[in-house]
Amino acid sequence: MTASAGSLLAFFLFALVLLAWPVGKFLAALCNERLPHWMQRIEAPLYKLAGTEPGKSMHWLAYALALLAFNGVGAIFLYLLQRLQGFLPLNPAAMGAVSPDSAFDSAVSFVSNTNWQGYGGESTMSYLTQMLGFTVQNFFSAATGIAVAFVLIRGFARRGDGKSKGLVGNFWADLTRITLWLLVPLSFVLALFFVGQGVIQNFDPYKTVHTVEATGSAQTLAMGPVASQEAIKMIGTNGGGFFNANSAHPYENPTALSNLLQMIAIFLIPAALCFAFGRVVGDRRQGWAVLAAMAAMFVAAVMVLMPAEQAGNPLLASLGVDQVSSALQSGGNMEGKEVRFGIDASALFAAITTAASCGAVNAMHDSFTPLGGIVPMVLMQLGEVVFGGVGSGLYGMLIFAMLAVFIAGLMIGRTPEYLGKKIEVREMKLISIAILVTPVLVLAGTAVAVMAGAGKAGIANPGAHGFSEILYALSSAANNNGSAFAGLSANTPFYNGLLGLAMWLGRFAVIVPVLAIAGSLAAKQRLPVTGGTLPTHGPLFVSLLIGTVLLVGLLNYVPALALGPVVEHLVLWK
Amino acid sequence: MDVVWMGALLALWSVVAAMAVGLDRLGAPKNGGGERP
Chain V
0 MTASAGSLLA
10 FFLFALVLLA
20 WPVGKFLAAL
30 CNERLPHWMQ
40 RIEAPLYKLA
50 GTEPGKSMHW
60 LAYALALLAF
70 NGVGAIFLYL
80 LQRLQGFLPL
90 NPAAMGAVSP
100 DSAFDSAVSF
110 VSNTNWQGYG
120 GESTMSYLTQ
130 MLGFTVQNFF
140 SAATGIAVAF
150 VLIRGFARRG
160 DGKSKGLVGN
170 FWADLTRITL
180 WLLVPLSFVL
190 ALFFVGQGVI
200 QNFDPYKTVH
210 TVEATGSAQT
220 LAMGPVASQE
230 AIKMIGTNGG
240 GFFNANSAHP
250 YENPTALSNL
260 LQMIAIFLIP
270 AALCFAFGRV
280 VGDRRQGWAV
290 LAAMAAMFVA
300 AVMVLMPAEQ
310 AGNPLLASLG
320 VDQVSSALQS
330 GGNMEGKEVR
340 FGIDASALFA
350 AITTAASCGA
360 VNAMHDSFTP
370 LGGIVPMVLM
380 QLGEVVFGGV
390 GSGLYGMLIF
400 AMLAVFIAGL
410 MIGRTPEYLG
420 KKIEVREMKL
430 ISIAILVTPV
440 LVLAGTAVAV
450 MAGAGKAGIA
460 NPGAHGFSEI
470 LYALSSAANN
480 NGSAFAGLSA
490 NTPFYNGLLG
500 LAMWLGRFAV
510 IVPVLAIAGS
520 LAAKQRLPVT
530 GGTLPTHGPL
540 FVSLLIGTVL
550 LVGLLNYVPA
560 LALGPVVEHL
570 VLWK
Chain W
0 MDVVWMGALL
10 ALWSVVAAMA
20 VGLDRLGAPK
30 NGGGERP
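Those protein sequence lines, which keep their order, are chains V and W. When we follow numbering that gives the first Met the number 0, the leftmost residue of the first sequence carries the number 0, and every step to the right adds one. When we follow numbering that gives the first Met the number 0, the leftmost residue of the second sequence carries the number 0, and every step to the right adds one.
In short, the hints are calculated from the structure, not lab data. For each residue, glycine too, the CB sits at the ideal point set by N, CA and C. Careful: at least some of the hints might be erroneous.
[As the list claims (entries may be wrong)] Which bits of chain V does chain W cover? Going by a derived footprint, with three or more residues having C-beta under 8 Å, they are: (1) 60–66; (2) 98–112; (3) 324–331; (4) 422–431; (5) 501–509.
Model the full structure from these sequences, guided by the hints.
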């Protein structure tokens, strides 16, 4: 890894911790439902209007059904908005109705915080659909993920006695508070910053300009309310771009500084939630331990990805092409990368966006070297727990932490407990379901796609790379990432249906068992620490947690990876 | 076609709602938590 790459990574991590710490403090207050009086006074009319009592805590099942009802209504609304956009205002480019299968795919995609895009934003969606549909869902899907993380944290923090036994909080209050006091203010500030950097924010019709070449051809420049969508796209780890080129488009990501802020924004809440977790359970070291495990895996991934891209393509080298970095060129594998950002900022962005379940891209992952491409794929396949999505990263990692203490408990012959809560048969069944849902969706979905004629028809690159494209698409959808390997023509009824199924179940069939675990934990008494308690805040547990994530998360996919990117790597470097 | 795709949305919703109800019963005492008869 070059010195500039190392410096960029070190500065990124330093700035991240610096900014995440205060956000984590505020998130802990939100999770503990301890808001200043003036905030409660502003909230009160909203609850009155909705006819809900924010102080009325729910049983986990009631919480889950409220969450599912809210997101189900959101999906139907988003579907209808896309189908009817041709009759609705804020449509200067006169976009017609989105096809039913694409509308289904995009509705599920944005409600599930995946933001997989089978469509090109500037050629398909009206401004109203982008703002009232996608941007609104960016807020709500992010708030949903954070709310689930809050519930699981409360499950650990509750004493398991008194009137609140087994109750996990109020979904409507969590959703309101997270949106109103966290996501909207952060997005507002970030959107203003992006506008300052050159991200556009307007309702203008598309502009026709003439290029500067002597032949002088005409070119259409897409306009729109981009900055307001861009901010929550990053803060909420959504990732759905206003434009098809996503953060490689100069109107979405104009400068090196906007690129750096976009990367920090993706990790901000996932990192801050670790600090909030430590505060709420009353032991900040627990939050640091989870953060350390995430950071260690992330740094390892970056240290594979960056050198792989800097090494360039050996086939080009054999043709005598100079790929060495110098004052005149960046060197390495620049295919599919923005020259404004170069290899370091593109590779780091790719690792961040796939470690978190964001899915925004500033380079085309399909053009990465096989070794460079396997890293984003593996980061998704680990279950999006290396920082992960807002909320989903933390609750995913805590599921692995419980599995780790269970394995450790088996080894030393003690009933496993984590943060004073016994992990028993019911919790282990639920943990198994939560962990196995996504690998089943990815592997079964990939198998169906490579066997079906409609699935094979979408492959642009036959052979191992075509398989990698399908495996990447299913990994991205089921783990709610949303980035694409490109090359796969996925805007077809077959892929819109298959990926929609994977996105929905990859999101909600994991959330439901996580909420059930939280309810189960909340009802348990918190046991005092004794001499036989496994410490879960030290380097030993961090290593155990990393080992559990790698073994359980990665082993599922090794055979599939061997058929795709591993074969490609061996062919390229034979 | 709208009926088909909106039906698919409702079917997916029903699956996870049923999953939630089913998981609530997972591991619960078969006699409802009361005294064994």
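Verification of the hints:
Judged by the Cβ-Cβ criterion of 8 Å, the region 60–66 of chain V is covered by chain W as claimed, because 3 of its residues qualify and three suffice. As drawn, the region 98–112 of chain V meets chain W at 6 residues by the rule of a beta-carbon pair under 8 Å; at three or more, the given contact holds. For a cut-off of 8 Å, the count of residues in the region 324–331 of chain V with a CB near a CB of chain W stands at 0, and the three-residue condition is violated. Remark: the region 422–431 of chain V is confirmed as covered by chain W, as 4 of its residues place a Cβ nearer than 8 Å to a Cβ of that chain, reaching the required three.
Figure legend: the region 501–509 of chain V, annotated as covered by chain W; annotation consistent (4 residues with Cβ-Cβ distances under 8 Å, at least 3 required).
The structure shown violates just one earlier hint, number 3.
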